[in-house]
Every structure is written in C-alpha cells, then in structure tokens.
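**Student:** These are the residues of each chain, in order.
Number of protein chains: 2
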Amino acid sequence: MYRTHTNGELRASDIDKEVTLSGWVQHVRNKGFLVWVDLRDRYGITQLIFDGERSPKELIEKASHLGREYVIQVKGKVIERQSKNPNIPTGDIEILVSELNILNESKTPPFTIEDKTDGGEELRLKYRYLDIRRNPIRENLIFRHKVAMAVRNYLSNEDFIEVETPYLIKSTPEGARDFVVPSRMNKGQFYALPQSPQTFKQLLMVGGMDKYFQIVRCFRDEDLRADRQPEFTQIDCEMAFVEQEDVLELFEGLLKHLLAELKGVHIEGNIPRMTYDEAMQKYGNDKPDIRFGMEFGELNEVAQHKDFNVFNQAELVAGIAVPGVNSYSRKDIDKLIDWVRRPQVGAKGMVYVRCNDDGTFRSSVDKFYDQEDLAKWAEITGAKPGDLICVLSGNKNEVRSQLSALRMEMAERLGLRNPEEFAPLWVIDFPLLEWDEDTQRYYAMHHPFTAPKKGQLELLDTKPGEVKANAYDLVLNGNEIGGGSIRIHDTQMQDTMFKHLGFTPEEAKKQFGFLLEAFQYGAPPHAGIAFGMDRLTSILGGEETIREFIAFPKNNMGRDLMIDAPATIDLAQLQELSLKVDIKEK
Amino acid sequence: MYRTHTNGELRASDIDKEVTLSGWVQHVRNKGFLVWVDLRDRYGITQLIFDGERSPKELIEKASHLGREYVIQVKGKVIERQSKNPNIPTGDIEILVSELNILNESKTPPFTIEDKTDGGEELRLKYRYLDIRRNPIRENLIFRHKVAMAVRNYLSNEDFIEVETPYLIKSTPEGARDFVVPSRMNKGQFYALPQSPQTFKQLLMVGGMDKYFQIVRCFRDEDLRADRQPEFTQIDCEMAFVEQEDVLELFEGLLKHLLAELKGVHIEGNIPRMTYDEAMQKYGNDKPDIRFGMEFGELNEVAQHKDFNVFNQAELVAGIAVPGVNSYSRKDIDKLIDWVRRPQVGAKGMVYVRCNDDGTFRSSVDKFYDQEDLAKWAEITGAKPGDLICVLSGNKNEVRSQLSALRMEMAERLGLRNPEEFAPLWVIDFPLLEWDEDTQRYYAMHHPFTAPKKGQLELLDTKPGEVKANAYDLVLNGNEIGGGSIRIHDTQMQDTMFKHLGFTPEEAKKQFGFLLEAFQYGAPPHAGIAFGMDRLTSILGGEETIREFIAFPKNNMGRDLMIDAPATIDLAQLQELSLKVDIKEK
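Sequence order for the protein chains is U and B.
Heads up, the working numbering is the position in the first sequence plus 917, with the first residue counted as 1.
Heads up, the working numbering is the position in the second sequence plus 917, with the first residue counted as 1.
Next comes chain U alone, as it looks inside the complex (with noise of 0.2 Å):
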C-alpha cells in the first residue's frame, strides 16, 4: 500500500500514529542534522521532517539529496509541529519519518510549481502536466468537475435524460466550417465533427425523449481568435411541449442552482429581462454587463440643431456619465480619446463633459453648449457632480459598438466588474434574421430552426431585417454563457425559412431531408438551450479566460503544443483512406 493516509488530511487528533504518505517533493529545507519536505499531492501539503537525532544517519543523507518534484513515500510518526503554520489545513502536526523510498526521481522542472509561476504561456502548454500541479489550475479543472455534477443533477431531478448523439456525422455547409473525418470503409466520403447537436437534440424531441440534456463536445474549424478552441464543450438541451417562459424558468433554476451550490450565492425573486432591442439601446451590447451602470443615454434631441455640426450629421449621438472621474486631467482625458480612436474601437472622437462637484459642467464643447443644455444631457445620462460624462456621435451601430467598448474599459479602470459579484440577465426577443454585408444576404441570427414570434412570419417577406425571433440568450456579468430558441416543428415554416435563407428545396432537402422528412411524423412543439461550459466555468470561477479551465487546452493556431498535433501522418494511411495531400503555393 502506497499511502495510509493523503497529505491533506492529517491533524494535531492524529498525533502517535504511524502512517504511511506518497507525493511530491515540494521544497527542502536543509539544517544539517535536520532536514525538512514539504510533501504534495492533490489533497494538500503535509510537513516531514528527518532528524539527525532521532533517525539514521543514512536517512538525513538521502533526504537532503531530494530534489524537487521527485516521487516519494514515506513512513513515519505523526508528531505535534514545534511552530505551527496556521495557513494549512495540516500546519498542527509533521511526520518524523522512520523510512523514505524514492519511487521516482525529477529532472528540474522549466516553470516553478507554485501557484505564481515563472512559466510562459507556451512553456506551462507544452508541460501542461506540469501546470495542472499547480494549485490554481488544479483547483480549475476540479471546480469544473463540480460545476458538470451540478448540472446534472439538476437537470437530472428535472427530469432530463442526458442522451449521447453521435460524433461523426454529416457536414453541413450553413454557419461555420466542419472539421471532416475521411471514411475508409466508403471512400471519398467524409463524416464532419458536429458544431452542435442541434439535429439530433431536435430528432429526439421527434422521438418523445420529452426533457434531453447533454454535456457534449462540439469542434468548429474557425479561425481561432483569441480564447476560442477549435473543441469546446456545451451544456445541451431540448423540451418538448413547453413555450418560452417554461424553458427560461427552467434554466434560470440552473443557474440559480449552480450559484447557490458552488458560490453560495442566492439570486432573490427572477432574473431580469430585456429586449435584444433595449439591451442595444441603453448598452450597446447584446450581452449587457449589468453589475454597474453607465446606461447609454440618447442625446439626439438635445444635442443636435445646435451650431456643432459633428452631432447635427451623426445618426446617433449617446453619452454616459463615468461615475467619480470628474477629476481626470487634460491629459488623462487625453488618453481616453486616444484610447477611443484606436482601430479596436475605432470612434472618431470624442465630447466630454466634467460635472463640477458645485453642480456646473464644463465641456469640450462650450462653445456650442451651454450651461442649461449640459444639464439636459446630464438628465439624460444619470450624471451626478463628480462624473465625467463621456459621448460619441456617428452611425447608430458604430457609436454603440464604441460607446459599449468605453463602458466596459472605465467599468474595469474603475473596479466595478468585481468577479465574485454574479449579476445575471436574460436577454430576450432576437431578430431572426442578420444581415451579412459581404454575400449580401441575410443569415439565421440563431440558426435556421429558429422560429419567429407569433405573427410576424407575413413581414419575412416584406421587412426581413425587422422579424423578431423565439429567442434568448443568458447573459451573466457581460458574457453569454447561454442561448437558445423555440425551434421551428413544423415542414412548411421550416421549408418557408430555408427559402429565405436562399437554400434551394434541393439544397435544403441534401442537407436537412432527414429533418424535415421527420418533422412530417407528429413533431412536437419544442425549444432549447445551450450552455457554453468552457466560458460559464470560467465565469463561476471568477476568470475569464477559459484555457485556465480546459486540462489541455490548444494554442491560438490550433495546435496542442505538448502532444505536438495536428502532426503529418504516414502515406500508408492516406492511401487507404484514398487521399492525397495537394498544397499549393501562394
């Protein structure tokens, strides 16, 4: 037996016994006629300590030549710890240990294995098995385990029956791209990865699964950005025989259970909601951060038939009023205009306002606006004495998209996205249809099973860009962490959608006539939701950045640096596979 006992769980009860512990050497202290280890494993740290009076000469000599991460067990007495260490569980007591056995030496790792390392990004992902020894990454990868057991007896208890859907399926051109998988045993044809299983979540609703849920891994070839996997994992889930409001108090159940059970925090009463339209208004944003404010407010009326004709010729102009910065200096101010103009936002400038703590403003725009007509704009925008009131003019979008940047830059300056605050917010009434610029054509902003609102399936004809669609997003503390929609069960609304989506019936009937021949065998009404788990981890662990909750995340070129793939691979194996490799220069 390789342990008695982990090295987090002995305590000053336990003192005499002997035991028997296994871990990792994490620091030695040298005294000579004393040597002290620090042994790790996942459970804690517990202190052993090799005394040239009590022990051996031969054990003191082979404790002091222990280097750091060896492989270690031991076998000694629990004793009480002359100067206890309050800060571990285990500080009360140390091991005099009687017997060391190295099971396994250690080259010197290339980063510390403390909770602060040395190790570069690409370093810890090479050694990502050296990364996940330390605490924080550990910690990580257990809080997610937790927050998979939570969701699945929640929607266990609920009646959800988690149902594995395939991994190799069909690939779909719509949205975006597939990874293919070659067949062999049918050559020339391929699988595709699934980006969702959307198709199948819907064909189990067709099959009277009634409440499906799946924690599931879904892969999509895009061109990374900066924290996007090329596989990410989802929390999915379809119903049968509900309307919007069952699945939104549903989800917002497991939401609430996941903050109740993992962070002890309790959400009173619902979680609010808003308009895909408001949110745009009064946040810029989709996926508004509501844990501050610095609403948007609309100054057109009050701002425009002045003499400045930068606001006269904007389609919008919108302010905020930045809490407590009224104080920011010439150059400070500067700064912030410099920041605005950078080509991440990309706004042409910027008008602002310092609401004197006696009450009066003081603008860049005095020459324009007086007294009164600042006041109006600090009515508009919530400002008090002592706020800056930050505004930006243009096209609509482009101000909200720039105004919402600036929102959310002064919320973090400021310290007002405070990680351990949960402020969530359902977002709710999606257009069904996005305009792309570049094909010229409209796209499913959701996807194409998404159904439009009651009614306004006659203006897809006329005002496409104005539908409303059954859908929501759940946003918490300015990310989506979930969306989804009631679907289409009907054939002649699923066909209707196809055509305005420019799929030919042919194409339609290619890539979806399993789907639409099923929906001809007594669909039944239902919705669903996704969760991205990767992000909603993250978030409940009070991080943003999701490669710090995946075991062994890929780089920003798609690679996994430590197994070293994608790699080339033998011709044999292309060749049975009937491929050629065929890279064409640029």
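Mixed in with the good hints there might be a few duds.
Pairs count within a copy or across copies, as identical chains cannot be separated in the list.
DSSO-like, lysine-lysine: derived pairs with alpha carbons at most 27 Å apart [as the list claims (entries may be wrong)]:
hint : residue 1 : residue 2
1    : Lys-1371  : Lys-992
2    : Lys-992   : Lys-1370
3    : Lys-1128  : Lys-1033
4    : Lys-1416  : Lys-1024
5    : Lys-948   : Lys-994
If you're looking for bench data, these hints aren't it; they were derived computationally from the structure.
With the hints as your guide, set chain B onto chain U.
**Tutor:** Then chain B, alone, in the frame of chain U:
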C-alpha cells in the same frame, strides 16, 4: 402552457380536476358517438374519451379523424373509468375531453410504434426517431442515463474528478486504425480522434490529479464486426499511488453499486478472481461465463495411450459434461457434431459419452474405452448420471476455443444464460505480450504502457510469451466489461517495453516522446481501468445487442442511415483542406 400533467401521472385521486394534456395518438377506437384515444408521451399513456352525449358534435368529428402519431393537445376533466385497466398506472381514470387541438399531423409511420414492431433493422435505423418512440428503445436510453449517473455519483464520492481530455489528438499507428481529421490551419497535417484517452489519463496522473475518470467517446476505424461501432463510449479511469489490489477493490465496488442501484442485485463478499491461465484451462476463454458450470476436464492422461489415434496424436483432449442431455437422440448428436464442425467453430469431430441414469456409460468410442475408462472421464469432467460428455481434441488453443463455443451453445440451449442473473469475475495475470503469426512479432496484449509483474522483466529477453502482466479484466456473464493494468511509470522500463514491441528509439520518441518526457518529471506509480459503457449498459439491461442501447447507432458499414453519413463534401471544402480524393480502381 401545453400541459398541466404528463400522460403517466393522473390517478383516481385526481378525479374531477380540469387538466391539459399533450402527446401522441397511440390508438383511436371509434364507436360513432363515442371515441377513445390513447394519448402517449415518455411518461405513459392516458385514455381520452370524446362522448357524443356530453360534447359538441364537431369535437367527436375532429377526434374521429385523428391518425396514429398525430400530436395533440386536449383539455378536459379527469373522470373515473368505466372499465379499469390494471396494466397501466393511469388505468383508473380517463379524460372527458372538452377541447382538442391538433399540434401536428403525422404521416403513417413506416413501422408500428409498439413494443414488438414490424420494422426491420434497416428501416428502424433510417427512422430512428420513430424507433425511439417505442417503449423498449426509450427505456433503454433512460436506463443508460441512469447507469451513467450512478457511475458518476459513485466515482465522485470516491474523490474521482471527471476531466475532459481532447478529441483532436495525434495519430498513433500502433494498435487499431485511427480516424484522422485534416487540419486546415496546419496544411498537410492531421489530428486523430482518440481510440482512448490512455496517454492523457496517464499525463493527468503525472499532473497529480490522483483520481481521474471520464465517460468519453472513443473512435476506432476497424472493419466492423457485428455489434461493433466506429464510435463507442468508455468509462475511463486512472488512479495514482495504487497497487492492483486497490484498483480491484475500488472498481468491484463500482460494479456492486451499479447492480444494487439499478437491478436491486446485491453481491455478497468479494468478486471471485481467476488467473488468465486458469480461465483458459477451465473455460477455454479469457472471459468465462460462470453463471453455469460445464468446466473443462482435461482428459489427456486418461484418454491417451489407448488405441484411439485421434486422441493419441492430440495436444489436448478435453471435454465438458452437459447436464441432463443424455437423452439426446443419435440424430440430435449428429446435428451437434455438424454444429461443432461448422467453419465458425472449426472442430474436426466430437466424441461423446452418454452417462446413463443407471451409472453406466455409452460412448461413440466404446471400441477403445471400457466403463472404467469412461468413469474416469466422468470424474474429471464432473459428469453425473443423465449428462452427456462432449469431448474435443487437437491443437490446445483450438480445442479450447472450440470447446468454449460448444459450452456457450449448450448453455444457451439449456437456458442457463439467465440475463437477470449476474456473475462477475476478475480475470487477472494476463500475458504481457501476444504473438502475431501474420507479422511474426509480439504485440502488447493490453497496450504498451502495461507493467510486467514484478521480477518478470528478465524473462522478456528469453521467454517473452511467458511474461505475465499486472493486467486485469472484469468479466460479467461471459462479456469483458472492463479491463486495465498497472502502468509503467519509469522511463527506462518504458523504453525497454517499446524496444521489445519493435519500436526503434526514434519511432518511440516520435509517437510517445511527450509521455516519455513527462515520466522524467516525477511520474507517480499509477494504474487504471476502462469499461465499455455500451456493453456494460446492455448487459445490465439484460440484452447483448449494444445497438439497442445507443440512441443513433451506425450500421455494419459504419453508415448512419438516418442522416445518410458519411457523404461527399464540396470541392471547395477539400481545397481548403489541401486534399484531393484519389480513389484507385482495383
């Protein structure tokens, strides 16, 4: 709201309640002025009554036109049923319908949605969403969910952490064929889908996760045999600082937990253990079904050196005593001899001994053996009066395999394979290596990371076939449901193993370099096991066909008949992947 109750929950205590129900039309009985409809959902069946005397004529009219599998919603009052149906939980009541709402029509299904359907295998796979509506399949999927939940709860309680490992990994020519995934961003390179997360779970042990599990999809591009799937699910587990005894104890606890939770079957005491050698000798099989006897008796000593040359020239003469079939007619026995001579079994012939009820014997080789001889055979095979001893001879391995097939066949015929009886067994001490005639080399019987038993490493050079491994299988009712081993955790021993498996140091480094490197940074002793989730579930569920426990299985050509995958992909997709399809005519 689509429903106030499901179709499985109304009871006599609900009489007089106004309810709303939704579901599928299972059955319509039309008596003109009275129409009964069986309304079905996942939870059960509720009888609806449309009564011409108590309801408007239009309602009766509408109800009488309902077709099978129509999706409807009804409102009505719960009333006491005239002729109660004790076979269903809702059999005391029916719903007097006041409002009928057709939610969706249905074409006539291609097969009946009944427990015993008229649909063939292919048709059922093509319309799997309809097949899932049938009670047996639906109950199987719900059962599978319960198995998964019970596994997760047991292992979580034992401090195991479920860690998600990547699906896009690296191809390893060793073992079965990989499915590969071309990388668009890394041209000419491929990911592979995991055959199991073996190396990742070992790296998690190096990473100090201590106890890992995962219910995870695995992929194997093999020529499919009956009841094999290209993608399958594994309960994958690994532990650090353990010896074989720790693993066996913990995981027999898991099986006992599943049997108790899901089947109400309580296994007393330890699960029996048998060495591989003993299993082969007694049952000719490394996964013996021990629900019944018929252990092999080796008859060389008592049957050779007489004048029967067939036996004299045989490496092994072995027999089983088939209970209670001494009454088989000559014709029955001839048929049985034909059966063992089928190419699938491959015996050349069979000698039999009737154990007469009076204690005498009558055999097909009476010419060579007297009563005394045959009494010895009976003693060795454990035959009693009334039994039939069946004896095969020839090459040892062949005889064992043939006699094992015969034993299973006779057990099947005699009804000894009761699916509701559960007889688990550990088979231990497997050989480390397995000789392959085709390639004239040894392969790892389990996998290249399995540790040889202590003190046997030396045998590797001289008698590699005799080296035993610290490997174990958990067998249930004649099926291997799980298998695992103590792993090598030492770089040098792993190098030695790779050498013996015919890897050059370069090959070993190219494929497993990251693992060998990881072992240099303090790898702990570790061991693991993996269970076939599909197989385990089906056996616990009392069936042996895994397809019946998979929501969307593929057929024997690896095709998903429902979505028609795999399929060709667009030329543009291929070009983006720098690939050309290159099918060679044969």
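**Student:** So, for every hint listed, does it hold in this structure?
**Tutor:** Structure-based check of all given hints:
Proximity of Lys-1371 to Lys-992 under the C-alpha cut-off of 27 Å is restricted to the inter-copy arrangement: shortest distance 22 Å between copies versus 72 Å within a copy. For a Cα distance limit of 27 Å, the shortest separation of Lys-992 from Lys-1370 across copies, 24 Å, qualifies, whereas the shortest one inside one copy, 70 Å, does not. Taking the shortest alpha-carbon separations for Lys-1128 and Lys-1033, only the inter-copy value of 24 Å comes in at or below 27 Å, while the best intra-copy value is 44 Å. In this homomeric assembly, Lys-1416 and Lys-1024 come within 27 Å of each other (Cα to Cα) only across copies, at 23 Å, whereas the closest approach inside a single copy is 63 Å.
Proximity of Lys-948 and Lys-994 under a CA criterion of 27 Å is satisfied intra-copy only: 21 Å inside one chain copy versus 86 Å between copies.
Of the numbered hints given earlier, the model fails none.
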